[in-house]
Amino acid sequence: MSTLHVLSHSPFGDDRLNSCLRVIGSADALLLCGDAAYALQPGTAPFAALQACARKRYVLAEDAQARAIEIPDWAETIDYPAFVALSIHHDKVNSWL
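Numbering follows our numbering, in which position 97 of the sequence shown is assigned residue number 97; successive positions increment by one, without gaps.
The set of hints was computed from the structure by calculation and includes no laboratory data. Where is the CB? At the ideal position from N, CA and C, for every residue including glycine. Take the hints with a grain of salt, since some may be wrong.
[To be verified] Label-pair restraints from in silico Cβ distances:
1. D91 - A68: 33 to 41 angstroms
2. G43 - I88: 29 to 37 angstroms
3. V23 - Q65: 28 to 36 angstroms
4. P42 - K92: 16 to 24 angstroms
5. M1 - E70: 32 to 40 angstroms
6. S26 - A48: 31 to 39 angstroms
7. A61 - V93: 13 to 21 angstroms
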């Protein structure tokens, strides 16, 4: 079974990203949306943690663009239709509220 983990909160306000990275499974994927896109700022601890994560990492293009964040080559930008497709592809969706 695979899970799509969806993070939408800034990684600088709490520990959700680190908690997610501790439990993410080998078949799972991670989607950053909203303020979670700030985790892709180079030189930060969240960026390093995500870079070290060997799971599929996605970010909503609209949210990265709104925050003027460049997407590293190890993360994939997706749009809302692709978000829906990911949700269907995985057995479960876990939103880290």
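Status of the hints after comparison with the structure:
1. D91 - A68: 33 to 41 angstroms: Given a distance of about 35 angstroms, which is inside 33 to 41 angstroms, the answer is holds.
2. G43 - I88: 29 to 37 angstroms: For I88 against G43, whose Cβ atoms are near 35 angstroms apart, the range 29 to 37 angstroms holds.
3. V23 - Q65: 28 to 36 angstroms: 29 angstroms, holds
4. P42 - K92: 16 to 24 angstroms: 31 angstroms, violated
5. M1 - E70: 32 to 40 angstroms: 33 angstroms Cβ-Cβ, so the 32 to 40 angstroms window holds.
6. S26 - A48: 31 to 39 angstroms: 21 angstroms, violated
7. A61 - V93: 13 to 21 angstroms: 19 angstroms, holds
In terms of the numbered hints stated before, the structure departs from hints 4 and 6, listed from lowest to highest.
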